[in-house]
Amino acid sequence: MAYFYPKKNSMMHSFSITENYVIFIFSPVALSSPTCMVSNHFHITDCIEVKDEPSDIFIVNLKTGEVHEMQEDIIFSLHHINAYEVGDDIIVDLAPTEEFALR
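Read left to right, the sequence shown gives residues 1 to 103 (the numbering used here).
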């Protein structure tokens with residue numbers, strides 16, 4: 001069984017699967033629930049805290065269970081659109097989340 005440990009205070013909302021891999025992106029984004037809980041009128045951006053840290057990316061080989069871990073500049077996307085393999089490359093299409101002004 002494969003294990004991986006993202007940093008605390010990271011968020012994953014969606015993930016991608018190809019024929020051979022599953023891709024998890026844990027962004028350094030946390031929900032600030034007290035802000036959202038005490039107000040009846042808030043915007044979702046008021047409830048999100050973005051840390052200046054890289055995202056943790058885990059690529060799990062579905063056949064062997066091997067986990068490849070990497071870090072990248074902040075990546076935040078509420079939804080993965082598609083993922084596929086081209087040769088040895090894994091392509092992941094993400095829905096941009098410009099509203100949060102994330103890199």
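No lab work stands behind these hints, which were simulated from the structure alone. Incorrect hints may have been included.
In silico EDC-like pairs for lysine to aspartate or glutamate, Cα to Cα no more than 16 Å straight-line [claimed, not checked]:
1. K63 / E85
2. K63 / E19
3. K51 / E72
4. K51 / D73
Computed beta-carbon distance windows for the label pairs [to be verified]:
5. E85 / D46: 37 to 45 Å
6. H79 / K51: 34 to 42 Å
7. V38 / E72: 28 to 36 Å
8. F15 / C47: 17 to 25 Å
Where is the CB? At the ideal position from N, CA and C, for every residue including glycine.
Taking the hints in turn, this is what the structure says about them:
{"no.": "1", "hint": "K63 / E85", "verdict": "holds, 15 Å"}
{"no.": "2", "hint": "K63 / E19", "verdict": "holds, 10 Å"}
{"no.": "3", "hint": "K51 / E72", "verdict": "holds, 13 Å"}
{"no.": "4", "hint": "K51 / D73", "verdict": "holds, 11 Å"}
{"no.": "5", "hint": "E85 / D46: 37 to 45 Å", "verdict": "holds, 39 Å"}
{"no.": "6", "hint": "H79 / K51: 34 to 42 Å", "verdict": "violated, 21 Å"}
{"no.": "7", "hint": "V38 / E72: 28 to 36 Å", "verdict": "holds, 34 Å"}
{"no.": "8", "hint": "F15 / C47: 17 to 25 Å", "verdict": "holds, 22 Å"}
The structure fails to meet hint 6 from the earlier list, while all remaining hints are met.
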